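Each chain, letter by letter, is given below.
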Amino acid sequence: MARLYKKAKYEPNEAVEFEASGPALEISRAQVVDPREEREALTFMQTDSSSYDAEGNVRLFGVTEEGISVFCRVEGFKPYFFVHIPPTWGDCGKLRVALQNVLQKSAPRFSGGSANLVLEIEEVERRSILYYVPGDPAHKFMKITLAEPRLMREAGGVFERGAIEGLAPTTTFEVTLDYTLRFMCDTGLVGCSWVEIPAGKYSVNRFNKTTSSQVEVSAHYRSLIAHKPEGNWLLSAPIRRLSFDIECSGRKGIFPEPEHDSVIQIANYVTTYGRKEHVAKVIFTLKSCAPISGATILSFDSEADLLSEWSNFFRQCDAEVITGYNIVNFDLPYLMNRAEILGVKAFPFLGKMLNSKTTMRSSQLSSSAFGTHESKDFSMDGRVIMDMLQIITRDYKLRSYSLNSVSAEFLSEQKEDVHYSIITDLQQCSDQTRRRLAKYCLKDAILPSRLMDKLLSLTNYIEMARVTGIPLSWLISRGHMIKVVSLLHRKAYEIDLLIPDLERGAAGGKSGGDGPQFEGATVIEPDRGYYTDPIATLDFASLYPSIIMANNLCYSTLIRKDDLGRLKKEDYATSPTGDHFVRSSVKKGVLSTILEGLLGARKTAKKDLAKEQDPFRKAVLDGRQLALKISANAVYGFTGATVGKLPCMEISSSVTGYGRDMIQATKAGVESKFPGSRVIYGDTDSVMVKFGDGLTLERSMELGREAANQISQLFPNPIRLEFEKCYYPYLLISKKRYAGLYWTKLDKHDKMDCKGVESVRRDNCRLVANVISDVLESLLIRRDREGAIKLVKDVISDLLQNKIDLSLLVVSKALTRAEGSYDAKQAHVTLAEKMKSRDPGNAPTLGDRVPYVITRGTKKQAAYDRAEDPLYALKHNLPLDTQYYLENMLRKPLERIFEPILKSRTSELFSGGHTQKVSVVTPTNGIAKFAKKQLTCLGCRTPLKPGTIGALCVHCKPREAEFYLKYLHECETLEDDFAALWTECQRCMGEVCQDVYCSNVDCPIFYRRTKTQLDLAEASKKLLRFVPEW
Amino acid sequence: MFEARLEESAVLKKILDSVRDLVQEANWDCNDDGIVMQSMDSSHISLVCFMVRASSFEVYQCERNVSLGVKIDSLAKVLKCAASDDSVTLKADENEPNTMDILFESKKNDRISDFQLKLMVIDQEMLGIPESDYTSTVEMSSAEFRRIMGDLSTMGDSVTIEINKGGASFSTKGDIGSGNICLQKSASVDKPKDGVKITMVEPVKSTFSLKFLNIFAKAAALSDTVVLSMSEEYPIRIEFAIDKDVGYVRYYLAPKIEGQES
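Protein chains in written order, with UniProt numbering: chain D, 1 to 1030; chain G, 1 to 262.
Keep in mind that the hints were calculated from the coordinates and are not lab data. Check the hints yourself; a few may be wrong.
Claimed, not checked - With a straight-line Cα cutoff of 30 Å, these simulated DSSO-like cross-link-like pairs (lysine-lysine) come out:
1) D:Lys929 <-> G:Lys118
2) G:Lys218 <-> D:Lys932
3) D:Lys957 <-> G:Lys71
4) D:Lys397 <-> D:Lys748
5) D:Lys860 <-> D:Lys1011
6) D:Lys439 <-> D:Lys287
Note that this is a predicted model, so its numbers are computed, not measured.
Same shape as in the complex, but just chain G:
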């Protein structure tokens, strides 16, 4: 029997919110390390993956690796029935994962709700972007990132991100004009998360679709900071580390190539 108990359902809810705009159904791979989901969005432009580490569960029992075919919308519907501070337990039969039992318990232990969700059999190849040594990274506040993406998308549909010695710049062009937002390295003493950290081996410049970046930015709810990692002519990696070392949500997006349709 696979069993995993999270102290607060809110984390799981937020994770689902960060992937449900991109993925309709996906396999959740559960093993000794934790739960991992890795999937292309349905238009196969981007790749999204999340990981919840085994250590972050109150109870985590996984005798053998199991792949659970989850319909994201359906699970989200079930999770709506839980209060944010309810604990949540996921259970499935490892040998024949046809259904998943979902159990909510309130803080005071006075309310227990039990749901059963039908699982799907999803025949899909597992894809991953090979980890590479990114030549440049920017770490910044996730709220700031969300704001920049929102602001730029009022002007255009793609953003050019450039990292060089001067800092990180985000620029866009549209029918009504153009815009550019530039961030410089800074350290905020009292609020470390508001600072901007830039590491750069080589300068890099690539253009990405704002539509997707805006969807990714919604994951700001999971984490105070975001790390953008880039290399020339390589997909950008956008990582939101879930607080308290619970895990992460990562997005990969291929750069737009001049003159090619997205």
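For reference, chain D alone in the conformation it holds in the complex:
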């Protein structure tokens, strides 16, 4: 049943409901007028350039300024690489014949036997990027052009193995460079840049289109004009984004499996990048669903129809960017598997290439910066999958990555969480319950899109693609390394340097592979304490990049030890680690040039940013300067990555070496030039200076500026020491741990800055973070030591009396390894196993963050054994081990903070009178099942004699009114709390007449609601005891 999606204008916010058999859904892009190829230039912003066909024709997908999607087949570009051949061997012709023969033999699959595999061999003069050789002579290289990209590795291998007779094995150059990147380098195209094809230089393919793009053209690669992302070319085309989420019916207690459980709903949210109003909200449901205002509902009776219609919709929608939450590892694989099981043949064609089937494979991305992540790769040409879960896990360190807590964190919004075990019930009930499900599903589709806007992910990623020159999709699928590879190749290409293909792991220098780690940055021993005088902070601006530039450190300036004798002393400098680099007067390093470009561009971007008024352009410029900064810093890491593409320990160890010397020189310089001053701490690229006792903030800032200027003179350009801020007051706890108020202006502090303090760490419970930040606030902002101490005591007292909100005591850790492969017993692992034995469907699986609380156990029972699911603990009223929380969680971090202030008197915090009152709850399992509660007097807690009437013992009876009022007040407070919490949940759910189903474990309200409910029941019971039975 094919349905037409009419191409017409969509009116936003038009509340029209569609029946499955009703009018066709309108989901259009801008109106297309075929370009007049002879008279008009075609200009578009390319969004994907990462694929090419077998002949090496690159596929450019993009969008024009008007929002028309474009596909351009770029013809004529061919892959090539270089080898260094001894001049004695012979000429190009001879080499070509020889190579052709070897290739035909070794790789018959490439050709019908006679095809022309080697297109051209040309002799060129080039230099290798590695090492400066005295005199800097150029060498003769053979540039070998091949017919197809897939021949590259084979042909490169021929030379590496020495498979041509008479030729010894030799290093190849630029074989391993990705074909796409080669193409982009040579044409000057960067990721997400604007491309112009002049009139008459392209032909429009009007019939037999091969893609879903509205306009399809082909052009020769030399006709492309790549616009640098500057000025008007800085803007972005109106890219279309599709965000979606699926719901599956599940069986009780078992996580949905595509083999058994059907897809019941797919919610879609279509937007245009850069525009506020959305294009469409469309929900596909199995069985009927009551209308939702503002959304289109398409209902189906058969799941196969639903899937096939959705894939139609997906293609019609033709989005450039696909997003969602965990779509890469759940939604998309689930849909693909489900479609295969149901035999929906038309489903897996989700790319822009009409006839290319979307396939899925497992991949693992290991990156030093992002860690190891398992994920799925999809071949979906022309579409970039930006899973917000992946992006957020990469770019932000959070306590939990569930959509709930991420939206709470960034959008300050809690969301309703329907547990998957009740989804089936909602689905089977009525069209009203399905509507609830649909609303929930739609929210899950809208949130990722909103997160993307709020976090400017797309903006920042586009700018990163432009700055580093790689396709947008690579930013997600690959690590940091490829960015520097791209920058390096682009610069090297300009100045005719060639980059050798090094074997992975074989470093180009003395220490390679898993060689010894070189010394890192210096830390000046902290002089711990609580400083009430302003502490000035002097920072080196972009320390590592500026060291590389100042000392001309580069692959191309590194001198081999043997060549040293042939150079004049004044032509080179020796780094603190004993490596030698020629001075820039002799030869300027490529890395310096790249960094100069990046930092220069950053300066420009920042300047423009300051002037810019338009918020969209502002965001773009900010993203751009950030991308430039990150890329500049990535260069140093690239040279030090031992398993990288071109590691060079001489460079990276020299960089840190210079850095160490500079910190020490700064300390010495400041202390000698400013008598009475003291450097109290220093780390990597900054030093903290106390200029003297009793100085005002103003004077300290002045001195800071002066010191920065004077000390900068000690170092070569462009290294610059900057005065950035004063900390006032400043609490220096230990290495990498400090907190202070951050002042850049005189009238008001900017913020409270904490480093390495538990308030920002996430490996403990929220209570710790809250207490620490409250304490710091009291100490630093209000400067109230006694207040801080009182605050700690109050919290401890509340904790022991069970008055702390359970959600604050939840610790969560990710289950990163399979069962049994953890060496030591750990709480979250033990708990995961326990939960599995209780309910296998509900238990956390690999990669999940497991939340837990520590409950009381027997004496000497290990803490890991006492970890419990917070929800289970709450439901069974298990007593929490408050002592454990006090001793093992709160004590150390608090001691660290108070040590500089109270010196040795910290123990009073943990054992004063405030710890004498405790409260222990009675659980509902264990021996309690058999026990009978014995009534105690509500006044003095002594047991009441059986048969006593009322709530009090004879001794307390005279004070009955007083106690009654006390309990009444307690009960009323809880009632108010509960009512407030319940309404909060109803509001979040958007319904006030129905029950709250939500079981969002990341939402603090959820725990509080449940706990208040239990407390209230308990309190009402107590209150009732005052009322004699009638």
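Chain D is already provided as a structure; the job is to place chain G on it using the hints.
Same frame as chain D, but now just chain G:
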């Protein structure tokens, strides 16, 4: 003023030793009958209670009922300062029990030590296992009980106690094998406490955690004999009567149910 004087501190020390592995802090309820403590262990698997009768004190004065929140470890620390034959006096203000005065006097009256211990406010429900008519009981030497529990725990972590016409049997199973110890009714004329007395209305068989039974067995120091009382699917009661009718220490432990975690 609440005041209670015990002739020998040793009794109190032993009582504390028998509960301190299970309970960190608990309310001591003092009334006309004596001092009673009743509390679940911190993992809420078992229940422990003790009673010291008013009659066993040299001096016992309790005008109104009072509940004293005692941190067991802290009191034990204080009691370490007393010699076993010192007398001990406990005092507290009945209306506002914030502290407890503890007084030790040596036999010869030549040494008096006075301590003050901070009391806690413990907000906890009072639980008790309803007394029931147990269908079977075994009375045996407490040393023998301690030994059996110790022996079996070398093999497994739970013990099945079965009382039937043939006697009382204790069996366990573990990774390395299994074991069974069977006791028969016997009467020892010269040493009555070594005898085994079994009363049985109905046979009973239940399984319990050895970890807890071993902790309970430590109370053997208080009494020569122990009485195990059992009913089907009901917690076992293990009672150590303190010699000279001073009082008792009782433990209750729920049976393990097949396939359920403890």
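Checked hints:
As the CA atoms of D:Lys929 and G:Lys118 are separated by approximately 33 Å, the hinted pair breaks the 30 Å bound. The hinted pair formed by G:Lys218 and D:Lys932 meets the criterion: a straight-line CA distance of about 26 Å does not exceed 30 Å. Taking the CA atoms of D:Lys957 and G:Lys71, the gap is near 28 Å; set against the 30 Å cutoff, the hint holds. With a CA separation close to 29 Å, the supplied pair D:Lys397 and D:Lys748 stays within the 30 Å bound.
Distance restraint check for D:Lys860 and D:Lys1011: the Cα-Cα separation of roughly 29 Å lies within the 30 Å cut-off, and the hinted pair is therefore satisfied. Using a Cα cut-off of 30 Å, the hinted pair D:Lys439 and D:Lys287 holds, with the two alpha carbons roughly 15 Å apart.
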